[in-house]
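Student: Next come the chains, spelled out residue by residue.
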Amino acid sequence: MGSMKGRILVVDDDVALAEMIGIVLRSEGFEPLFCAHGDDALEAFRSGQPDLVLLDLMLPGKDGTEICRLIRGESGVPIVMLTAKSDTVDIVLGLESGADDYISKPFKPKELMARVRARLRRTDESTPEHLTIGDLEIDVTGHRVTRDGAMIPLTPLEFDLLVALARKPWQVFTREVLLERVWGYRHAADTRLVNVHVQRLRSKIEHDPEHPEIVQTVRGVGYKAGTEAP
Amino acid sequence: MPSGRSSAPWARAGRAVRRAWRRVVSALALVVHRWRSSLQLRVVTTAMLIGLVALTVLGAYLSNWIRDGLYNQRIDQLVADASQSTQQARERFDASINSTGQDREALFREVIGRLQVGGAGTRDVFLLRSPGQVIAPPVSEQGTAFELSGLIPSQLRHLVQASPQQIHRVPVAIERSEGDGVDPGVVIGSAVTIGGVQYELYFLYNLAPEQQTLSFMQRVLALAAVGLMVMLGAMTWLVTRQAVQPVRIAAKVAERLADGHLAERMTVRGEDEMATLARSFNEMAQSLQVQIRRMEELSRLQRRFVSDVSHELRTPLTTIRIAAEVLHAARADLDPAAARSAELLTGQLDRFEALLADLLEMSRFDAGAVMLDAERQDVRDVVITAVDQATALASRRGVWLDVELPDRAAVADIDPRRVERILRNLLVNAIEHSDGNSVQIRVASDKRAAAITVRDHGIGMTPEEAERVFDRFWRADLARARSTGGTGLGLAISIEDARLHGGWLQVWARPGRGASFRLTLPRRAGITLTDSPLPLVPPDIDTVDAPVEVPVQGAADPAAIPDLDRLEAR
Chain A
1 MGSMKGRILV
11 VDDDVALAEM
21 IGIVLRSEGF
31 EPLFCAHGDD
41 ALEAFRSGQP
51 DLVLLDLMLP
61 GKDGTEICRL
71 IRGESGVPIV
81 MLTAKSDTVD
91 IVLGLESGAD
101 DYISKPFKPK
111 ELMARVRARL
121 RRTDESTPEH
131 LTIGDLEIDV
141 TGHRVTRDGA
151 MIPLTPLEFD
161 LLVALARKPW
171 QVFTREVLLE
181 RVWGYRHAAD
191 TRLVNVHVQR
201 LRSKIEHDPE
211 HPEIVQTVRG
221 VGYKAGTEAP
Chain B
1001 MPSGRSSAPW
1011 ARAGRAVRRA
1021 WRRVVSALAL
1031 VVHRWRSSLQ
1041 LRVVTTAMLI
1051 GLVALTVLGA
1061 YLSNWIRDGL
1071 YNQRIDQLVA
1081 DASQSTQQAR
1091 ERFDASINST
1101 GQDREALFRE
1111 VIGRLQVGGA
1121 GTRDVFLLRS
1131 PGQVIAPPVS
1141 EQGTAFELSG
1151 LIPSQLRHLV
1161 QASPQQIHRV
1171 PVAIERSEGD
1181 GVDPGVVIGS
1191 AVTIGGVQYE
1201 LYFLYNLAPE
1211 QQTLSFMQRV
1221 LALAAVGLMV
1231 MLGAMTWLVT
1241 RQAVQPVRIA
1251 AKVAERLADG
1261 HLAERMTVRG
1271 EDEMATLARS
1281 FNEMAQSLQV
1291 QIRRMEELSR
1301 LQRRFVSDVS
1311 HELRTPLTTI
1321 RIAAEVLHAA
1331 RADLDPAAAR
1341 SAELLTGQLD
1351 RFEALLADLL
1361 EMSRFDAGAV
1371 MLDAERQDVR
1381 DVVITAVDQA
1391 TALASRRGVW
1401 LDVELPDRAA
1411 VADIDPRRVE
1421 RILRNLLVNA
1431 IEHSDGNSVQ
1441 IRVASDKRAA
1451 AITVRDHGIG
1461 MTPEEAERVF
1471 DRFWRADLAR
1481 ARSTGGTGLG
1491 LAISIEDARL
1501 HGGWLQVWAR
1511 PGRGASFRLT
1521 LPRRAGITLT
1531 DSPLPLVPPD
1541 IDTVDAPVEV
1551 PVQGAADPAA
1561 IPDLDRLEAR
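As they're listed, the protein sequences go chains A and B.
With the working numbering as the guide, the letters of the first sequence map in order to residues 1 to 230.
With the working numbering as the guide, the letters of the second sequence map in order to residues 1001 to 1570.
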């Protein structure tokens, strides 16, 4: 397999499952780190500096959503939730506290790897690309979004979402298309992923998130990027 | 066209009559409705009717009794008065027996004048000569109001002439001087003899004062009766109100309870039966509330349990699943027995997962923890998706899928995930049981509903089997079922999904003729299905003539014919 593709922190109190996930990750060339207790998760994240976090929602000590919020407080590293609950409330709570994606137990190793790869995928574009949307400047290659020279911190997923919309302003994207472009889902998936992350993105880039001007909702269809009329 | 012209007024009249009749009928219906719906009205009406009858009988009796009493007493008094006066007259006449013509005239006048004022009350006095007596000199007949002498009935005169010594009386009607009616009166008469000549002496008494007294008494009685009736009505109304009011309140509170306001209670006042009613009612409401709370708690616990079981099972299952996949991926390096084991493990894990998922879904239905995630969608799209998914299985089994969609969109408020699941179940079932024959899928819609039928031409089922097809874990053919897989919960979940939509999932089947499943969904929430746009029995089956192929013992048994009504009712 050669060199390590990346470090992945697996936060799960079920030791057997964590080990099994570790075996799969290792066989795919990733380096797994483990943490079995909610209270240790943030420490493990800080010391391990992982490229991605697989996070079980039900944990002893701090629960998944809280850890999610704590990690988001200091990093935009991709977080994929592992959830055994089909209760939709938990999933929405997890997404709202900052998780990028989720995967429901029981899952197959292929599904897990597809989700991990989609979140770690980075297109290595050689040509510098600059986009302007409203009063925002987007440096696509440099992964920077600025307004009047001030940088706006976005997670990689939020950045991808904004770039996908900004590359074709005025084109309306359905939630399904965005799921494919940004999350890498080939089949229909949970469109709430899009809704929750559009809300999070708006809260960071809009002047007034209640009346969005940059990411606009097209009722019954989806979203589009709108240039702010000054 | 005289007939045409003349028919118009008749028709108009007929219409008017019919209209009037309808009005009468509807008014009657209203009264009947009021009568049936109000206990108070019934009780008050009944009490007043009984009171009216009782008062009428009593009043009539009393009035008669008073009249007779008044009249008889007065008559006795008048007879005594008249006989006394007659006696006085006789004495006076006897004393002046020798008076002659002129004197007699004066005597008569004097006697009559004295008699008129001498008795009890006003009376008129007449002195008439009995017929058939020739005397000289003739003395004229006299009276205080001679014009009234015509009132003396000849019948009385005959009586007086027949027995001169006795006092006779007869009631008469006296015309009023104003001419506006008659007053009751009585004529009392007897004979007097003056100088051998027989005269008849009559007294006419006017009974108008007595009549007035009687009328007054009757008026008072009637007034009293009306007053009594009013009092009776008011009394019964008040009394029934007291009795009915708590019942009305109880009914209102019961309605509120039925609407889900479980904390609703009656106010308990006093110690009487009504208070007991209120107390018992409140106890019932209390125990209902407790029961419902308990059921809610149970339902909540069950949901919680399902959720917990789900979580507890899913985590180890994920580990097993990943381990199996890892082993399966590495099976080339394993010895044949281990490699086959890895394959079996992976395959059976799929079944296990499907079964777990179905079980959890079923228990969510049982706990009432499912919600319809409805959106407006073209049913045709859902059918196409489901058919696409079933194509792989169909081609493996060599089954032709024949789909017939309408040209018009069949838009309905549906939960596409659930409808797709129902269709997937129906399609997989049909493909598995069609024995390589084609499977037909039909879609149709009307104003109220959209319907989909899935028909196979396989071995079919007996009606008894068809009735059980939606039962959990029921399998028509145990030997086949094991090889085809499936959880045995597919149709049980499907019918719950259909019910969640307010729709129907029905089956028609006959041995050797295949089976047909029909899903009917209301197009909007709140529509109650009464009919389906598609027939349940396939059009190629003639329900009357088609020979029913059933086992030997059922050949002549009418029960072998599918009981469509019962299936419809499912």
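Misleading hints may appear alongside valid ones.
A few chain A residues that don't get close to chain B, going by computed Cβ distances all over 12 Å [unchecked claim]:
(1) ASP51
(2) THR132
(3) LYS204
If the Cβ cut is set under 10 Å, some of the chain A residues that face chain B in the computed set are [what the hints assert, rightly or not]:
(4) ARG72
(5) GLY76
(6) VAL77
(7) VAL80
Reference listing, derived: stretches of chain A covered by chain B, where coverage requires no fewer than 3 residues with Cβ under 8 Å from a Cβ of chain B [unchecked claim]:
(8) 9–20
(9) 210–222
If you are wondering where the hints come from, they were derived from the structure by calculation, not from laboratory data.
Where a beta carbon is used, it is the ideal one built from N, C-alpha and C, also for glycine.
Student: Compare the structure with each hint and give your call.
Tutor: Okay, the hints, checked on the actual structure:
1. ASP51: 21 Å, holds
2. THR132: It holds; THR132 of chain A is separated from chain B by about 37 Å at its closest Cβ, greater than 12 Å.
3. LYS204: Non-interface label on LYS204 of chain A holds, nearest chain B Cβ at 30 Å vs cutoff 12 Å.
4. ARG72: Violated - the Cβ of ARG72 of chain A stays beyond 10 Å from chain B, reaching only about 24 Å at its closest.
5. GLY76: Hint on GLY76 of chain A: violated, closest Cβ of chain B at ~27 Å, above 10 Å.
6. VAL77: 23 Å, violated
7. VAL80: 14 Å, violated
8. 9–20: Coverage by chain B holds here, the residue count being 4 at a Cβ distance below 8 Å.
9. 210–222: Violated: only 0 residues of the stretch 210–222 of chain A have a Cβ under 8 Å from chain B.
Violation of the numbered hints given earlier is confined to hints 4, 5, 6, 7, 9; the remaining hints are satisfied by the structure.
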